[in-house]
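Top line first, the protein sequences correspond to chains D and W. Using UniProt numbering, read the first sequence as starting at 1 and increasing by one per residue. Using UniProt numbering, read the second sequence as starting at 1 and increasing by one per residue.
I should point out that these hints are in silico values taken from the structure, not numbers from a laboratory. All of these numbers come straight from a predicted model, not from anything done at the bench. Any given hint might turn out to be false.
Stated by the list, open to error - Subject to a maximum C-alpha distance of 30 Å in a straight line, what follows is the list of computed DSSO-like cross-link-like pairs (lysine-lysine):
1. W:Lys314 x W:Lys358
2. D:Lys186 x D:Lys239
3. W:Lys314 x D:Lys197
4. D:Lys186 x W:Lys358
5. D:Lys237 x D:Lys179
6. D:Lys63 x W:Lys255
7. W:Lys330 x D:Lys237
8. W:Lys255 x D:Lys31
9. D:Lys251 x D:Lys239
10. D:Lys203 x D:Lys237
11. W:Lys264 x D:Lys203
12. D:Lys227 x W:Lys264
13. W:Lys358 x D:Lys245
14. D:Lys63 x D:Lys39
15. W:Lys358 x D:Lys197
16. D:Lys251 x W:Lys358
17. D:Lys180 x D:Lys227
18. D:Lys251 x D:Lys203
19. W:Lys314 x D:Lys245
20. W:Lys264 x D:Lys197
What the hints assert, rightly or not - Computed, partial: chain W to chain D, Cβ under 8 Å:
21. Cys307
22. Ile308
23. Asn310
24. Val311
25. Cys312
26. Tyr313
27. Gln316
28. Tyr318
29. Asn326
The beta carbon of each residue, even a glycine, is placed where N, CA and C say it ideally should be.
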Amino acid sequence: MTFVFLLKRFAMAMQADKELTFNGKSSEKLKAAGSLLMKVFGVLAGKGPKRVGALYVTCQLFKTYFRLGTVNLCRSVIRSIETARIFDFEEFPRRDKVTLYMYYTGRLEVFNENFPAADTKLSYYMNVVQALRKGDLRLLRHALQEHEDLYVDLVLFLRSGVYLVLEKLELQVYQRLMKKIYIIQKLSDPARAHQLKLEVIAKVLRWLEIHMDLDEVECIMTILIYKNLVKGYLAHKSKVVVLSKQDPFPKLNGKPVGS
Amino acid sequence: MNRRSRGSSSSSGSVGGASDSCRRRSDVPRNRNNDNNKGGDSADVSFIVGTCSSMCPERERVTRERLRDLSVFERLHGNPTKSSSDLAVKKFCRTLSAADVQASDVRPLPVLEETLRYLLSLMDSREHPFEVVHDFIFDRTRSVRQDLSIQNLASERVIHLYEEIVKFHVISRQRLQSCSGASISSMHHLNMEQLAKTLTTLYNIYDVNRKPDYIYENEAEFRSLYVLLHLNTSSGVMGEPLSLWFRKLTSNLIKSKEMCFVRKLLRSYRNGNYRSFLRTTASEATYLQYCISEPHIREMRSFAVECINNVCYKLQPYPLLRLSQNLMMKELDVESLCHECGLEIRTDSDGCIVLPTKQTSFCRPKEGFKNYDLIGIEVESLLCEDT
Numbered sequence: 001m002t003f004v005f006l007l008k009r010f011a012m013a014m015q016a017d018k019e020l021t022f023n024g025k026s027s028e029k030l031k032a033a034g035s036l037l038m039k040v041f042g043v044l045a046g047k048g049p050k051r052v053g054a055l056y057v058t059c060q061l062f063k064t065y066f067r068l069g070t071v072n073l074c075r076s077v078i079r080s081i082e083t084a085r086i087f088d089f090e091e092f093p094r095r096d097k098v099t100l101y102m103y104y105t106g107r108l109e110v111f112n113e114n115f116p117a118a119d120t121k122l123s124y125y126m127n128v129v130q131a132l133r134k135g136d137l138r139l140l141r142h143a144l145q146e147h148e149d150l151y152v153d154l155v156l157f158l159r160s161g162v163y164l165v166l167e168k169l170e171l172q173v174y175q176r177l178m179k180k181i182y183i184i185q186k187l188s189d190p191a192r193a194h195q196l197k198l199e200v201i202a203k204v205l206r207w208l209e210i211h212m213d214l215d216e217v218e219c220i221m222t223i224l225i226y227k228n229l230v231k232g233y234l235a236h237k238s239k240v241v242v243l244s245k246q247d248p249f250p251k252l253n254g255k256p257v258g259s
Numbered sequence: 001m002n003r004r005s006r007g008s009s010s011s012s013g014s015v016g017g018a019s020d021s022c023r024r025r026s027d028v029p030r031n032r033n034n035d036n037n038k039g040g041d042s043a044d045v046s047f048i049v050g051t052c053s054s055m056c057p058e059r060e061r062v063t064r065e066r067l068r069d070l071s072v073f074e075r076l077h078g079n080p081t082k083s084s085s086d087l088a089v090k091k092f093c094r095t096l097s098a099a100d101v102q103a104s105d106v107r108p109l110p111v112l113e114e115t116l117r118y119l120l121s122l123m124d125s126r127e128h129p130f131e132v133v134h135d136f137i138f139d140r141t142r143s144v145r146q147d148l149s150i151q152n153l154a155s156e157r158v159i160h161l162y163e164e165i166v167k168f169h170v171i172s173r174q175r176l177q178s179c180s181g182a183s184i185s186s187m188h189h190l191n192m193e194q195l196a197k198t199l200t201t202l203y204n205i206y207d208v209n210r211k212p213d214y215i216y217e218n219e220a221e222f223r224s225l226y227v228l229l230h231l232n233t234s235s236g237v238m239g240e241p242l243s244l245w246f247r248k249l250t251s252n253l254i255k256s257k258e259m260c261f262v263r264k265l266l267r268s269y270r271n272g273n274y275r276s277f278l279r280t281t282a283s284e285a286t287y288l289q290y291c292i293s294e295p296h297i298r299e300m301r302s303f304a305v306e307c308i309n310n311v312c313y314k315l316q317p318y319p320l321l322r323l324s325q326n327l328m329m330k331e332l333d334v335e336s337l338c339h340e341c342g343l344e345i346r347t348d349s350d351g352c353i354v355l356p357t358k359q360t361s362f363c364r365p366k367e368g369f370k371n372y373d374l375i376g377i378e379v380e381s382l383l384c385e386d387t
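So that you can see chain D by itself, here it is in the shape it has in the complex:
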């Protein structure tokens, strides 16, 4: 399928350019991939069942243009999407792609200093960040990391004020992660599910490529309990957090953390 081929092509171009830019040359491959993507977009956008694919291509295009620093080129893509009304976002099953679309166009709005629109779009994106609350710290870190890598992004990000907000989510993501561990433990050993071993938490974090020693895990758990994101107590000698039997992960309901 063209689609898969396309993806590979894109990944290859990215890789090739990484090496090229490393050698001080410009991103020729990516540019070429960009114009190819644009052609594919033209083909896909027209036809009914392939529209999901078109959206995917769009996101890749945005990504390409942002990388290349030719953000202006996004305009024409957006115009054809928004005027042709071929995309009713609610209709798409793949919510993540829509999110990505919102994210890129939101950033474009920031770029153009159209802040109300940027706000709407980035808020949409932020809603999905809520999905991160499922507890995938890795995703959050990646999201932050990605912006660190591209300084244009970081500047934009800091300027938009979203960055400081995202950082605040960290504790809530930890909360969700603990809840996940608790739920999984409940499936395997209900009688002792309310005991979270620091060792286990460290192991889960390691899976998420976050390396923490037990002291650090203890510190995080201490804060979570103190801020009432987790109900229970720390038995430091046994290296266990004992969760409260009732409502161990209180909902925030919009209240700020720690209140």
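Please arrange chain W on chain D, whose structure you already have, making use of the hints.
Using the frame of chain D, we list chain W on its own:
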């Protein structure tokens, strides 16, 4: 916040204003021997060019000798009525409108550089207690800044002077804490106030001299101090909130090592992650950053004690040794910190000193000046690097 306040010598107004006047300055031909600026044509008044060749104008020195208004550092052989041109340094005087200033009372840049070098050399004076040293340098550097701003000096060369003055205030902040005396807390307050003002001016001068894709050697570090002064949003330190402040930084600055470091600290601080905060500080802070961070270090430690007292299982008292490792402080210091927090400690059956948890008597330590060492940071070696 009225950052344009003319009451201070330091504020040179907004960025735009400063750059604007700079431009005008270069348009106007300089009049080196212009001794009578009084009420002269308005364009020249703001660009007075000083002609005073010593640290203190002769006229002022004679007057102060007569009035016995000499600091201990200015007295020739300890004589309270006699000074010399090597000892007297121009005092800060608040009531100055540009029209009243005579060029012979204002020191040109080379003299100001010399003056500042002399003043800062007094920092290590062991003859007098630090608060006396501080008081003198505090006043005289303020007058140096005043002379700079009267002449509207904002060139690259001036950057160094402001950086040195900032450094003085930062180091003072830390050293004043080990001083005792009734006026220390107000001295501390005034010191922080002038620190903030000097920083603002320094940032303006960086901006005025901005070249594309270039940051001055120490700029990132001095910019990072702003973040450290504003970690706590309710601390009441003047200035704009960080989220707005970040927007004005250039990409180079945002990417700088120093800015990444303080953003990491900011994140740990806001999350209450005391362990990461202390560790990051100990391993990455420069001497100046460390001096500014001290109150936060203290705050994070008492927060940690509060957390542990609050969340630990009552039947498992927390060993002080572990606490001292986590908080990167000496065990004896932890004992003292616990007492300050209103908590009792005791020795358990194994002979270990422990903190019994769930004590209800916890209270935040009072805003004092007591500080404990941060193990892992070698202040002495940082100092050497710095100088």
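Hints and how they fare:
Proposed proximity of W:Lys314 and W:Lys358 is supported: the alpha carbons are some 6 Å apart, at most 30 Å. With a C-alpha separation of about 19 Å, the suggested pair D:Lys186 and D:Lys239 falls inside the 30 Å cut-off, and the hint holds. A threshold of 30 Å between alpha carbons decides the hint, and for W:Lys314 with D:Lys197 the separation of about 18 Å falls inside it, so the pair holds. Taken as a hint, the D:Lys186 and W:Lys358 pair is honoured in the structure, with Cα atoms around 29 Å apart against an allowance of 30 Å.
About 23 Å separates the Cα atoms of D:Lys237 and D:Lys179, which keeps this hinted pair within 30 Å; it holds. Our distance criterion of 30 Å between C-alpha atoms is met by D:Lys63 and W:Lys255, whose separation comes to about 21 Å. Note on W:Lys330 and D:Lys237: the hinted pairing holds, with a Cα-Cα distance of about 21 Å set against a maximum of 30 Å. Taking the CA atoms of W:Lys255 and D:Lys31, the gap is near 26 Å; set against the 30 Å cutoff, the hint holds.
With a C-alpha separation of about 25 Å, the suggested pairing of D:Lys251 with D:Lys239 holds against the 30 Å cut-off. About 19 Å separates the Cα atoms of D:Lys203 and D:Lys237, which keeps this hinted pair within 30 Å; it holds. Restraint check for W:Lys264 and D:Lys203: satisfied, since their Cα atoms lie roughly 24 Å apart, inside the 30 Å limit. For the suggested pair D:Lys227 and W:Lys264, the alpha carbons sit about 20 Å apart, so the restraint of at most 30 Å is met.
Annotation: proposed proximity of W:Lys358 to D:Lys245 holds, straight-line Cα distance about 20 Å (limit 30 Å). With a C-alpha separation of about 16 Å, the suggested pairing of D:Lys63 with D:Lys39 holds against the 30 Å cut-off. For the hint linking W:Lys358 to D:Lys197, the alpha-carbon distance of about 21 Å falls within 30 Å, and the restraint holds. Using a Cα cut-off of 30 Å, the hinted pair D:Lys251 and W:Lys358 holds, with the two alpha carbons roughly 25 Å apart.
Between D:Lys180 and D:Lys227, the direct Cα distance comes to roughly 19 Å. Compliance with the 30 Å bound is thereby established for this hinted pair. The hinted pair formed by D:Lys251 and D:Lys203 meets the criterion: a straight-line CA distance of about 25 Å does not exceed 30 Å. Note on W:Lys314 and D:Lys245: the hinted pairing holds, with a Cα-Cα distance of about 18 Å set against a maximum of 30 Å. Restraint check for W:Lys264 and D:Lys197: the C-alpha separation of about 28 Å stays at or below 30 Å, so the hint holds.
The interface hint given for W:Cys307 holds, since its Cβ lies 4 Å from the closest Cβ of chain D, which is under the 8 Å cut-off. With 8 Å as the threshold, the beta carbon of W:Ile308 comes within range of chain D, its nearest partner Cβ sitting at about 6 Å, so the hint holds. Below 8 Å, beta-carbon pairs count as interface contacts, and W:Asn310 has one with chain D at about 6 Å; its hint therefore holds. Because the closest C-beta pair between W:Val311 and chain D is about 4 Å apart, less than 8 Å, the hint holds.
Given the 8 Å rule on beta carbons, the hint for W:Cys312 holds: about 5 Å separates it from the nearest Cβ of chain D. Hint status for W:Tyr313 relative to chain D: holds, with the closest Cβ pair at about 4 Å, below 8 Å. The interface hint given for W:Gln316 is met, as the beta carbon of that residue sits about 5 Å from the closest beta carbon of chain D, less than 8 Å. A hinted interface residue such as W:Tyr318 counts as satisfied when its beta carbon comes closer than 8 Å to some beta carbon of chain D; here the least separation is about 6 Å, so the hint holds.
With a cut of 8 Å, the hint placing W:Asn326 at the interface with chain D holds, because the nearest CB-to-CB distance is about 6 Å.
In this structure, every one of the numbered hints holds.
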